[in-house]
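The chain contents come next:
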Amino acid sequence: MNIMAWVLGLAAFLLLLAVIVWRAGINQRALRKKFGSSIASPMEEFADEIAGDFLVAPTPYPKTKPQHPEIPWHYGADRMVLMVRDPNWLFAYWEITAAKQDEFSQQYGESAWSSSRPVLRVYDVTGVEFNGNNANNYIDFAISDYVDNWHLDVSRPNSTLCVDVGRVFPDGRFVTILRSNLVHTPSMEVSNLVDEEWMWIEGIYRTITRLHPGSSPMMLEDVSQRMGLVPLGISSPEFAKPGHNGNVS
Amino acid sequence: MNKGNLCFVLHAHLPFVRHPEDEHFLEERWFYEAVTESYIPLINAFDELVEEGVPFRLTFSVSPTLITMLTDGLLQERYLRHLDKLIELAEKEVQRTTNTVLHPVAVMYRDRFHHARYIFAQKYGCNLINALRRLQDLGRLEVITCAATHGFLPLLMTQPGAVRAQIGVAVELYTKHFGRPPVGIWLPECAYTHGTDEILKEFDIKYFFTDTHGVLFASHRPKYGVFAPVFCPTGVAVFGRDLESSRQVWSSNEGYPGDFDYREYYRDIGHELDYDYISPYIHPDGLRLNTGIKYCRITGKSYDKEPYHVDYARSKAQDHAGNFLFNREHQFQHLNSLMDREPIIVAPYDAELFGHWWFEGPYWLQNVLRKAHYDFPGIDTITPGDYLKKYPCNQVVRPCPSTWGNKGYNEVWLCRENDWVYRHLHIAATRMVELAGEHAYADGLKERAVKQAARELLLAQSSDWAFIMHTGTMVDYAIRRTKQHMQNFLRLYEQIKTNSIDESFVGDLEYRNNIFPDININHFKDKNPEAYSATG
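Taken in order, these protein sequences are the chains called F and Z.
The first sequence begins at 1 in this note's numbering and counts up by one.
The second sequence begins at 250 in this note's numbering and counts up by one.
Any given hint might turn out to be false.
What the hints assert, rightly or not - Residues from chain F shown here face chain Z by an in silico Cβ test under 7 Å; the list is partial:
1) 69
2) 83
3) 93
4) 102
5) 138
6) 193
7) 195
What the hints contain is simulated information worked out from the structure, not anything from laboratory work.
Everything numeric in this text was worked out from a predicted model, so none of it was measured.
Where a beta carbon is used, it is the ideal one built from N, C-alpha and C, also for glycine.
Given these sequences and hints, build the entire structure.
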């Protein structure tokens with residue numbers, strides 16, 4: 001009962017507010033009509049139009065878009081996927097199903113899950129046929145129980161890598177829960193391997209090194225410039241630069 | 250004599266943006282603007298060269314999503330209506346600016362739009378693919394393909410079937426429209442990773458491009474750097490981008506497009522003129538938009554801008570064309586002193602840079618191609634296909650995984666803003682491979698549902714969505730599109746698996762997302778899963 005009264009009161013208040021604001025909007029528009037809109041710069045004009053429409057119409061402007069379509073986050077499949085971001089960084093995501101977790105508990109005891117901590121173990125398996133035990137070396141990343149994806153700074157260009165999500169027991173023992181696919185990181189430099197048949201021409205490389213190979217110097221500008229390209233926001237209002245109000249006519 | 254080969258590559262692509270439910274869908278304007286400002290002016294520039302008898306060669310990549318939009322009846326009709334409104338506005342502008350300094354510019358726009366209408370409607374029957382096919386058949390363009398929906402292939406390689414479908418569907422669509430299979434491909438975002446070339450080879454694609462370091466950082470040091478192609482172990486050729494020629498056009502500081510005499514992009518009358526006057530030509534909801542009519546030249550770094558002068562800009566574009574070729578000539582002279590064969594300089598650009606962003610771009614390009622023929626006998630314009638015929642023997646290396654995005658690798662498409670999409674795209678690809686295996690011989694409604702599932706997956710895979718999430722503009726649309734196509738896919742998958750296909754649901758999706766009507770789902774089938782190790 002109390003709640004109903006609150007809701008009604010609030011609705012009445014909002015209605016009153018809307019009417020007041022609406023009248024103010026009319027007055028403002030009348031004034032503008034009277035003195036001509038040339039007083040206001042075009043940007044202000046635009047802002048006024050938005051505000052006016054927003055206040056008169058119950059639908060906010062720009063129109064509120066419907067909710068995003070819902071898609072699941074978990075798919076009920078155990079998986080661990082490793083992806084390459086660049087020569088130094090990897091990205092991994094995973095899903096451990098309840099069944100998989102149960103399996104772990106059955107094998108290592110009821111309290112094993114809570115007494116162990118989650119770790120991502122990245123193996124460097126460059127040049128080896130990985131069987132689980134013959135990695136060149138590995139790096140551990142401590143993570144929390146509440147994450148299911150991670151960006152990993154491994155700093156290993158031109159290497160073959162793979163990652164396990166697993167648990168580490170207090171005694172240091174590591175148990176793999178899921179293992180990822182293999183990835184190979186890109187190189188960051190000109191190769192030291194040369195073909196005798198295709199002996200490299202040093203002069204060519206000298207011209208190119210002058211141009212800073214590898215970090216593609218124009219790339220940053222690329223992206224900032226591409227902001228102006230179809231389809232990257234050409235029709236978006238944000239595209240107008242601030243202070244974009246000069247009159248052309 | 251000094252001799253060099255200049256290989257221009259224009260990559261034309263837009264994501265599939267077609268919303269039959271709403272005539273004024275904001276994002277459809279990407280397409281209209283690109284048609285008016287880039288595709289028609291470029292085609293016009295090439296056509297004029299053909300009429301003059303200039304024997305140029307240029308490589309033009311057109312993405313399957315763009316082919317679909319350019320050949321779609323609904324979008325053609327809508328574009329024509331859009332263009333007619335623009336002509337109406339340009340006519341009004343000619344009146345409004347009478348006796349002002351802006352008048353000649355207004356007249357220029359009016360004439361351009363009328364001419365654009367002539368080219369679009371009369372000359373090519375509302376289908377610009379006719380223009381590209383004609384230019385290819387005349388021996389001027391080498392039109393190549395791109396992945397079906399511009400999927401970012403290195404990050405889809407965990408399911409090779411998904412990559413195979415991106416390529417196979419593209420090759421089939423290309424062949425249908427151009428009457429021959431494509432000889433080359435533009436990999437979306439110039440993104441290569443190991444294994445991609447194996448799939449290209451399956452479709453008999455002869456070459457692709459990488460960024461400079463894709464070739465330069467290859468497994469073995471390439472003899473000629475990026476000034477000759479290399480072969481992957483599969484025999485597919487790779488052409489690396491030349492840095493110098495890219496920088497002259499791309500760079501915002503040193504590049505030509507920033508010249509003060511060129512047209513200023515940001516000062517559009519859609520944002521600047523009185524609301525009541527401009528409102529019929531912007532979004533019906535009142536949202537101000539670019540119209541394409543812009544009266545200022547860049548003028549300088551400050552905010553104050555001076556009126557645009559067509560003659561100044563054109564004369565500058567001619568100078569820049571001469572300067573570009575002069576620099577290439579020097580580059581070739583230097584390379585000729587080092588190399589025992591003719592070098593090739595590969596200069597790839599987004600087609601939409603020309604005209605839309607750099608207004609004078611198509612005119613500049615036309616001048617480069619013309620001057621190269623008349624004034625620079627040492628420079629031949631060439632396509633990769635031509636070069637491979639001239640030099641069929643090339644060094645074999647494994648290219649370095651790379652992209653032409655910021656920093657040169659995958660970060661733009663795999664960062665905190667968009668990393669979530671892959672857990673969905675990958676599982677959907679796995680499920681699609683499963684559907685393709687189980688229902689290869691399905692017919693009737695089931696066949697329709699499986700095919701539509703494939704379309705929804707391909708549409709979700711567009712690299713554009715991840716890119717837009719990265720840039721931070723129009724993000725809502727990109728997220729919505731990703732989720733909507735994923736949701737459609739997952740529903741179809743459930744319905745197919747449980748034998749409960751909702752015909753009206755399938756029909757509605759076929760109507761909305763009508764891309765690739767003849768899609769062949771066999772491309773998704775896992776051929777030999779062991780052959781690929783995911784490297785993306």
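Hint by hint, here is what the structure shows:
1. 69: Nearest chain Z Cβ about 4 Å off; hint holds.
2. 83: At about 6 Å, which falls below the 7 Å cut-off, the nearest Cβ of chain Z leaves the hint on residue 83 of chain F intact, so it holds.
3. 93: Result: holds, 5 Å to nearest chain Z Cβ.
4. 102: 22 Å, violated
5. 138: 19 Å, violated
6. 193: 5 Å, holds
7. 195: With a minimum Cβ separation of about 5 Å from chain Z (threshold 7 Å), the hint on residue 195 of chain F holds.
The structure does not agree with the numbered hints 4 and 5 stated previously, though it agrees with the rest.
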